[in-house]
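Asks: Residues per chain, in single letters:
Number of protein chains: 2
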Amino acid sequence: MGGRIVAPAASRPGRSPKQDRSKRTRDKLLEATIDMLAHHGWPVTTVGAVAERAGVSRGAAQHHFPTREDLMIAALEYMVRERSSQLDASFGGARPSTEPERTQFVVHHITEHYTGDLFKAALQVWTAATADQALRERIVPLEAELSRHLYDLAVTHLGADTSDRRTRRLIRATLDFARGLGLAEALIDDSERRAGMLDSWAAELATIKRVN
Amino acid sequence: MGGRIVAPAASRPGRSPKQDRSKRTRDKLLEATIDMLAHHGWPVTTVGAVAERAGVSRGAAQHHFPTREDLMIAALEYMVRERSSQLDASFGGARPSTEPERTQFVVHHITEHYTGDLFKAALQVWTAATADQALRERIVPLEAELSRHLYDLAVTHLGADTSDRRTRRLIRATLDFARGLGLAEALIDDSERRAGMLDSWAAELATIKRVN
Chain A
1 MGGRIVAPAA SRPGRSPKQD RSKRTRDKLL EATIDMLAHH GWPVTTVGAV
51 AERAGVSRGA AQHHFPTRED LMIAALEYMV RERSSQLDAS FGGARPSTEP
101 ERTQFVVHHI TEHYTGDLFK AALQVWTAAT ADQALRERIV PLEAELSRHL
151 YDLAVTHLGA DTSDRRTRRL IRATLDFARG LGLAEALIDD SERRAGMLDS
201 WAAELATIKR VN
Chain B
1 MGGRIVAPAA SRPGRSPKQD RSKRTRDKLL EATIDMLAHH GWPVTTVGAV
51 AERAGVSRGA AQHHFPTRED LMIAALEYMV RERSSQLDAS FGGARPSTEP
101 ERTQFVVHHI TEHYTGDLFK AALQVWTAAT ADQALRERIV PLEAELSRHL
151 YDLAVTHLGA DTSDRRTRRL IRATLDFARG LGLAEALIDD SERRAGMLDS
201 WAAELATIKR VN
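As you go down the protein sequences, you meet chains A and B in turn. Start counting the first sequence at 1; every next residue gets the next number (the UniProt record's numbering). Start counting the second sequence at 1; every next residue gets the next number (the UniProt record's numbering).
Derived from the structure by calculation, the hints contain no laboratory data. Cβ coordinates follow ideal geometry from the N, Cα and C atoms, glycine included. One or more hints might be untrue.
Sample of chain A residues with no beta-carbon within 12 Å of chain B, all distances over it, derived [as the list claims (entries may be wrong)]:
1. R26
2. P66
3. A94
4. R95
5. T98
6. T156
7. L181
8. N212
Pairs of lysine to any residue, SDA-like flavour, derived with a Cα cap of 20 Å [what the hints assert, rightly or not]:
9. B/K23 with B/V56
10. B/K28 with B/E69
11. B/K209 with A/K209
12. A/K209 with B/D199
13. A/K209 with B/G196
Sequences are here, hints too, so could you generate the full structure?
Replies: Structure below.
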C-alpha cells in the first residue's frame with residue numbers, strides 16, 4: 001500500500017488499487033446522477049435509480065452516499081468542479097486576438113457554459129433548492145464562486161478595463177443574459193434563435209473599454 | 001337558473017350560485033397550487049397537499065382535478081393568464097413619456113415579470129417539464145405567446161422602430177437578460193445588485209431606434 005503502482009491513468013501516486021476503485025465507483029455514480037438530473041429530472045434521481053444506471057450495486061452506492069442529500073451535495077460539488085474545468089478548457093484553447101472574433105469567442109463560451117447538460121443538471125438542483133434552505137446554503141457560495149471565475153475569465157480574455165463601470169456591468173449583464181438563454185434552452189431547442197442573438201450581443205459587448 | 005342573480009362581485013351574468021361557488025373553489029385551489037409551487041417546490045405540490053392548504057376537502061379537489069397532471073396543466077394556464085393580466089396592468093398604469101424614465105419603466109416591468117411568485121411557480125413547472133414531454137408540449141406554446149405579448153408591450157411603450165434589426169434584438173435580449181436575473185433571484189435575494197444592473201441595461205436599451 002502507499003507506493004507507486006501500475007494502475008489506470010486516473011490513479012494518483014500514493015493511492016492503493018482499492019482506493020482507485022472506490023474513487024472510480026464514486027465518479028461513476030456522480031456522472032450517472034448528473035446525466036439523470038439533466039435528462040430525467042430531480043424527482044426520479046434517487047440513490048437507487050442512480051446505482052442502477054451506473055451499474056453499481058445498491059449497497060456500494062449507499063456506502064458512498066448514505067442519503068439522497070449526501071448524493072446531491074456531492075453531485076453539486078462535482079458539477080461545479082466540472083463546470084469550472086470546462087471553462088478553463090474552453091477559454092484556454094486557441095483564442096482569437098482580433099475583433100470581432102475575440103468578443104464573439106467570449107460570448108460563445110459564456111453561453112455554452114449555460115446551455116450544456118451540466119447547467120441543465122444544476123438547474124434541477126437549483127429549483128429543488130428554492131424550497132430547501134439547507135441545500136440552498138450549500139449552492140449559493142459555490143455558484144457565486146463559479147460566476148466570479150467566469151467573470152474573471154471574460155475580463156482577462158476581453159482585455160477589459162474594469163475601472164470603467166459600464167464595462168464591468170456589460171460583462172456581468174452578459175452572464176445574466178446567457179443564464180436567461182440557458183433557461184429557455186432547457187425547455188426548447190432554442191439554438192437557431194440564439195445564434196443570431198449572440199452575434200448581436202457580441203457587437204454590443206465589443207463597445208466596452210479595453211486595456212489591451 | 002340562468003337569469004341575473006344577486007351574487008358576489010366575481011360572478012358573471014348567466015351563472016348560477018352553484019357555478020360561482022364551483023369557480024371560486026377551483027380558483028382557490030389554483031392559487032394555493034401557485035403559492036405552494038413558488039415556496040415549497042414541485043415535489044410536495046400534490047392534489048392532497050393543495051386541498052389542505054386551500055381549506056377544501058380532498059373530494060372536492062379531486063372533483064376539479066382528478067389527477068396531479070390535470071392540476072398542473074390548469075395551474076399553468078392560470079399562471080399564464082395571471083402573468084398576462086399583470087403585464088397589461090403594469091404597462092397600462094401611469095407611463096412616463098420622456099427619457100430616461102420611459103426606457104427604465106419598460107426594463108423595470110419586464111424584470112418584475114420574471115422575479116415574482118408567478119415566475120417562481122412557473123420555474124418549478126418548467127424544470128419538471130424538462131423531464132416530461134407531455135407537459136413540455138403544453139407549456140411551450142403558452143410561454144411563446146406570453147413572450148410575444150411582453151415583446152409587443154415593450155415595443156409599443158418604447159416607441160421602438162422594429163424595422164431596425166438591432167432594435168428588435170436588443171428588446172429580445174432584454175427579455176433573456178430579465179429571465180436570467182429571475183433565475184438568480186429564485187436562489188438568492190439579488191435585488192440590490194439587480195437595481196444597478198437595470199439602470200445600466202436601460203441606458204443600453206435607450207440607444208435603440210424609435211418611431212416616436
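Asks: Against each hint, give a clear statement of whether it holds in the structure.
Replies: Verification of the supplied hints:
Annotated as non-interface, A/R26 keeps its C-beta farther than 12 Å from every C-beta of chain B; the closest such distance is 24 Å. For A/P66, the shortest C-beta to C-beta distance to chain B comes to about 20 Å, beyond the 12 Å cut-off, and the non-interface label holds. Residue-level check passed: A/A94 sits 28 Å from the nearest beta carbon of chain B, beyond 12 Å. The beta carbon of A/R95 sits about 25 Å from the closest Cβ of chain B, which is more than 12 Å, so the claim that it is off the interface holds.
Distance check for A/T98 against chain B: the nearest CB is about 22 Å away, which clears 12 Å, and the non-interface claim stands. Non-interface call for A/T156 relative to chain B: holds, since the shortest CB-CB distance, roughly 21 Å, exceeds 12 Å. For A/L181, the shortest C-beta to C-beta distance to chain B comes to about 5 Å, within the 12 Å cut-off, and the non-interface label is violated. With a cut of 12 Å on Cβ distances, A/N212 stays outside the contact zone with chain B, its closest approach being about 23 Å.
Restraint check: the Cα-Cα separation between B/K23 and B/V56 comes to about 13 Å, which is no more than 20 Å; the hinted pair holds. Distance restraint check for B/K28 and B/E69: the Cα-Cα separation of roughly 17 Å lies within the 20 Å cut-off, and the hinted pair is therefore satisfied. With a C-alpha separation of about 24 Å, the suggested pairing of B/K209 with A/K209 is violated against the 20 Å cut-off. Distance hint between A/K209 and B/D199 is fulfilled; the C-alpha atoms sit about 19 Å from each other, no more than 20 Å.
Between A/K209 and B/G196 the alpha-carbon distance is near 19 Å, which keeps this suggested pair within the 20 Å criterion.
Going through the hint list in order, the structure does not satisfy hints 7 and 11.
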